[in-house]
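Line by line, the protein sequences are chains A and B.
Under our numbering, the first residue of the first sequence carries the number 1, and numbering increases by one thereafter.
Under our numbering, the first residue of the second sequence carries the number 1, and numbering increases by one thereafter.
Just to be clear, a hint being listed does not mean it is correct.
[Stated by the list, open to error] Once the Cα atoms are required to be at most 30 Å apart in a straight line, the calculated DSS-like pairs of lysine-lysine come out as: (1) K157/B with K157/A; (2) K128/B with K146/A; (3) K386/B with K8/A; (4) K216/A with K313/B; (5) K482/B with K469/B; (6) K483/B with K406/B; (7) K128/B with K437/B; (8) K157/B with K10/A; (9) K310/B with K146/A; (10) K128/B with K216/A; (11) K406/B with K216/A; (12) K437/B with K482/B; (13) K483/B with K146/A; (14) K310/B with K157/A.
In short, the hints are calculated from the structure, not lab data.
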Amino acid sequence: MRLTLFGKSKAIETEIDDFLNQLSDAGLMFEQLVSHYVDHGADPDFDAKAERLTAQEKSANETANRIGRALYTEMLIPDLRADVLSLIQDLDYLIDSYSGIATAFEIEKPDIALAPEGTPDLYRELVANAVKCVEATVRAARAFFKNIDAVDDHVHKISFFENEVDELAVRLKRAIFDSALGLDQKLHFRYFVDALDELADDAEDAGEWIAIYTIKRSL
Amino acid sequence: MPVDISILIYLSSGLFLGWSLGANDAANVFGTAVGSRMIRFETAAVISAVFILLGAVISGAGAAHGLGKLGSVNALAGAFMTALAAAVTVYWMTRLSLPVSTTQAIVGAIVGWNWYSGSITDMTMLSKIVGTWIAAPILGALFSMIIYRITTWAIRKAQIHLISLDAYTRIGLILAGAFGAYSLGANNIANVMGVFVASSPFTDFHVDHLFTFTSIQQLFLLGAIAIGVGVFTYSKRVMMTVGDSLLPLTPVAAWVVVISQAVVLFLFASTGLEHTLLSLGLPTIPLIPVSSSQAVVGAVVGIGLLHGRKGAKQIRWRVLANIASGWASTPVMAAAICFVMLFVLQNVFNQRVYTQVYFQITPEVTDYLKRHGVDTAPLADLEGRKLTPPVHFRELIRKRAHYDDKQEALILFAAELYPMEVTPADIAALDRNYLSKAQIDAVQRLQGQGYTYKWQLEEALAAITDEWKPRPATTLNKLYNKKLRERLDYLESSLHVSEQQGDEGSRRLR
Chain A
1 MRLTLFGKSK AIETEIDDFL NQLSDAGLMF EQLVSHYVDH GADPDFDAKA
51 ERLTAQEKSA NETANRIGRA LYTEMLIPDL RADVLSLIQD LDYLIDSYSG
101 IATAFEIEKP DIALAPEGTP DLYRELVANA VKCVEATVRA ARAFFKNIDA
151 VDDHVHKISF FENEVDELAV RLKRAIFDSA LGLDQKLHFR YFVDALDELA
201 DDAEDAGEWI AIYTIKRSL
Chain B
1 MPVDISILIY LSSGLFLGWS LGANDAANVF GTAVGSRMIR FETAAVISAV
51 FILLGAVISG AGAAHGLGKL GSVNALAGAF MTALAAAVTV YWMTRLSLPV
101 STTQAIVGAI VGWNWYSGSI TDMTMLSKIV GTWIAAPILG ALFSMIIYRI
151 TTWAIRKAQI HLISLDAYTR IGLILAGAFG AYSLGANNIA NVMGVFVASS
201 PFTDFHVDHL FTFTSIQQLF LLGAIAIGVG VFTYSKRVMM TVGDSLLPLT
251 PVAAWVVVIS QAVVLFLFAS TGLEHTLLSL GLPTIPLIPV SSSQAVVGAV
301 VGIGLLHGRK GAKQIRWRVL ANIASGWAST PVMAAAICFV MLFVLQNVFN
351 QRVYTQVYFQ ITPEVTDYLK RHGVDTAPLA DLEGRKLTPP VHFRELIRKR
401 AHYDDKQEAL ILFAAELYPM EVTPADIAAL DRNYLSKAQI DAVQRLQGQG
451 YTYKWQLEEA LAAITDEWKP RPATTLNKLY NKKLRERLDY LESSLHVSEQ
501 QGDEGSRRLR
């Protein structure tokens with residue numbers, strides 16, 4: 001019984017580590033993909049990158065499902081399993097968001113050539129900060145599992161990057177709406193800014209929950 | 001063997017006491033594990049029940065000849081009511097979700113019986129209880145703080161994954177709980193069932209030549225089942241008080257609490273440890289009266305206090321105040337219930353709830369006391385008078401001279417009339433697994449003899465073999481002398497001839 005119990009725990013741990021790696025990788029893929037779109041538009045390379053990201057999302061979803069099943073069928077600690085499952089679901093939502101934004105680029109193909117001056121670089125910065133925000137959330141999650149004292153540091157960084165994203169989003173939207181573009185174009189560009197703003201918000205929410213789970217575990 | 005129906009009725013209060021004990025004391029073992037949701041209540045109940053059963057039947061029955069605390073109650077109807085009073089008290093405290101000490105309820109009920117029967121209450125026993133209320137929580141808190149600090153430091157160092165950590169903690173809680181339940185069964189079954197050993201309605205049965213299931217083991221199994229049923233049916237509320245209401249605990253803290261409680265009991269209440277340390281020439285830890293119910297609560301509070309003001313705020317002080325008032329009211333309530341119910345039992349149901357104990361100072365007693373350095377001159381006018389009850393006799397002694405506690409106890413022991421006869425039937429009935437061959441042989445050599453006082457038999461036995469002779473009263477010999485005393489008590493109660501003829505129940509009871 002002992003061996004099986006520890007065996008199962010180890011298996012769940014490995015799955016959780018895999019899942020967090022997948023989320024981290026998805027962030028890097030996403031950053032590359034958007035950067036490529038801004039530079040080259042929707043060329044075949046972009047399509048290949050988008051496909052890889054979709055595959056990563058699917059694989060991460062499957063891992064999350066397996067973790068959920070294992071938590072409920074093989075682990076008996078109700079408090080922890082509920083918290084871990086919520087955390088995994090929150091993080092899974094972030095991967096879905098990466099993939100969703102990439103698909104929107106692929107389908108809607110916003111015309112970068114029309115973008116007001118300076119906004120492509122600002123947008124790249126926005127993406128980098130949003131991905132850093134998610135990455136800090138991943139680190140907070142890892143710390144929650146292995147080094148609970150470090151969670152606070154990471155949660156603090158999540159807030160920092162989320163603020164950066166907020167500021168950049170405001171600057172971008174001002175630049176877009178101050179330009180001579182038609183309203184349809186303005187709204188279209190705004191959508192891609194809002195999507196990243198939301199991604200960072202979601203990462204921050206996940207971070208706040210991690211902080212709460214941590215408090216629950218540290219007294 | 002025909003079963004006397006009254007024995008079954010009397011037995012029922014022992015079973016009720018067992019049930020109450022299970023319902024309340026299982027929280028000491030599994031309260032934090034269940035309260036922190038690390039172990040399901042059902043799982044905890046199954047483990048507790050199984051290990052209590054094993055502890056009671058394997059270890060408990062081995063020491064069964066010590067009749068437990070109720071052994072001092074010398075009539076079966078009295079023992080019935082004393083057990084019932086303790087059981088009702090613990091049941092009531094359990095209803096209020098308060099963890100209390102069943103032993104303290106029993107001691108309280110015995111005080112009620114002493115009060116009613118005019119027997120002497122050992123005041124050190126009462127001061128020990130009060131001491132426990134203070135010492136056990138403080139030690140529990142202190143140890144939980146230290147162990148928690150060490151444990152969390154080690155966990156941080158090892159960077160164990162949370163999932164693995166919970167798996168280890170869970171195993172730790174199950175193991176600690178199983179050991180705790182085993183010792184709970186072993187230590188308490190005598191209190192629950194010990195007094196009924198002599199009137200056990202069961203007979204030994206043998207499975208081929210493989211093993212014998214003794215009547216005591218069967219009786220203890222029954223008692224253990226009662227404890228197990230108590231755990232299953234009613235222990236959850238006290239568990240939730242200990243493991244959740246007082247302070248919500250993390251799994252690691254839950255484990256620390258159980259371990260701290262066990263360590264406190266092991267270090268400060270184990271005569272075995274004291275003996276081992278002394279044998280190895282090491283300094284001993286002073287024995288302090290501690291009880292697991294009180295140590296557990298202290299340990300939980302300790303974890304809270306360790307987290308400074310934030311932790312102290314998390315402790316529900318109202319719950320703690322309720323628990324503390326439960327501790328104080330348990331023995332008082334048990335004593336009061338016992339006293340009132342004994343009155344009812346004796347006067348309404350016409351049951352004999354105690355056997356009169358008589359004292360008589362004879363020239364032999366005077367001689368014995370002189371040999372032990374007691375000045376007997378002030379007692380001269382009491383010589384020849386048959387006196388009862390014990391408190392009255394003590395009063396007469398105190399009026400005549402100021403003896404110290406030891407001397408007073410010696411006079412009471414020396415003058416107590418306790419007629420014994422060494423008959424072949426009694427010798428045949430002695431437990432050969434409990435007494436050594438030399439001890440049995442010594443008893444055999446006294447066959448046909450009669451004794452009026454316990455010390456007469458004891459001196460006669462000691463003259464035959466060293467195995468019946470107490471060793472000098474040093475700390476190293478404490479455990480040996482205690483075990484010898486238990487064997488002497490067992491032998492004396494086996495050879496006792498009651499003054500009331502035909503009363504089988506009191507014949508066997510001390």
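Now the hints, each set against the structure:
Straight-line distance between C-alpha atoms of K157/B and K157/A comes to about 24 Å, which keeps the hinted pair within the 30 Å bound. Restraint check for K128/B and K146/A: the C-alpha separation of about 46 Å exceeds 30 Å, so the hint is violated. Between K386/B and K8/A the alpha-carbon distance is near 75 Å, which puts this suggested pair outside the 30 Å criterion. Using a Cα cut-off of 30 Å, the hinted pair K216/A and K313/B holds, with the two alpha carbons roughly 15 Å apart.
Between K482/B and K469/B the alpha-carbon distance is near 12 Å, which keeps this suggested pair within the 30 Å criterion. At roughly 20 Å between alpha-carbon atoms, K483/B and K406/B fall within 30 Å of each other, so this suggested pair holds. Restraint check: the Cα-Cα separation between K128/B and K437/B comes to about 37 Å, which exceeds 30 Å; the hinted pair is violated. Distance restraint check for K157/B and K10/A: the Cα-Cα separation of roughly 19 Å lies within the 30 Å cut-off, and the hinted pair is therefore satisfied.
With a C-alpha separation of about 24 Å, the suggested pair K310/B and K146/A falls inside the 30 Å cut-off, and the hint holds. About 39 Å separates the Cα atoms of K128/B and K216/A, which puts this hinted pair outside 30 Å; it is violated. For the given pair, K406/B sits about 56 Å from K216/A by alpha-carbon distance, which is inconsistent with the 30 Å threshold. For the given pair, K437/B sits about 19 Å from K482/B by alpha-carbon distance, which is consistent with the 30 Å threshold.
Annotation: proposed proximity of K483/B to K146/A is violated, straight-line Cα distance about 52 Å (limit 30 Å). Distance restraint check for K310/B and K157/A: the Cα-Cα separation of roughly 25 Å lies within the 30 Å cut-off, and the hinted pair is therefore satisfied.
In this structure, the earlier hints numbered 2, 3, 7, 10, 11 and 13 are contradicted, and the remaining ones agree with it.
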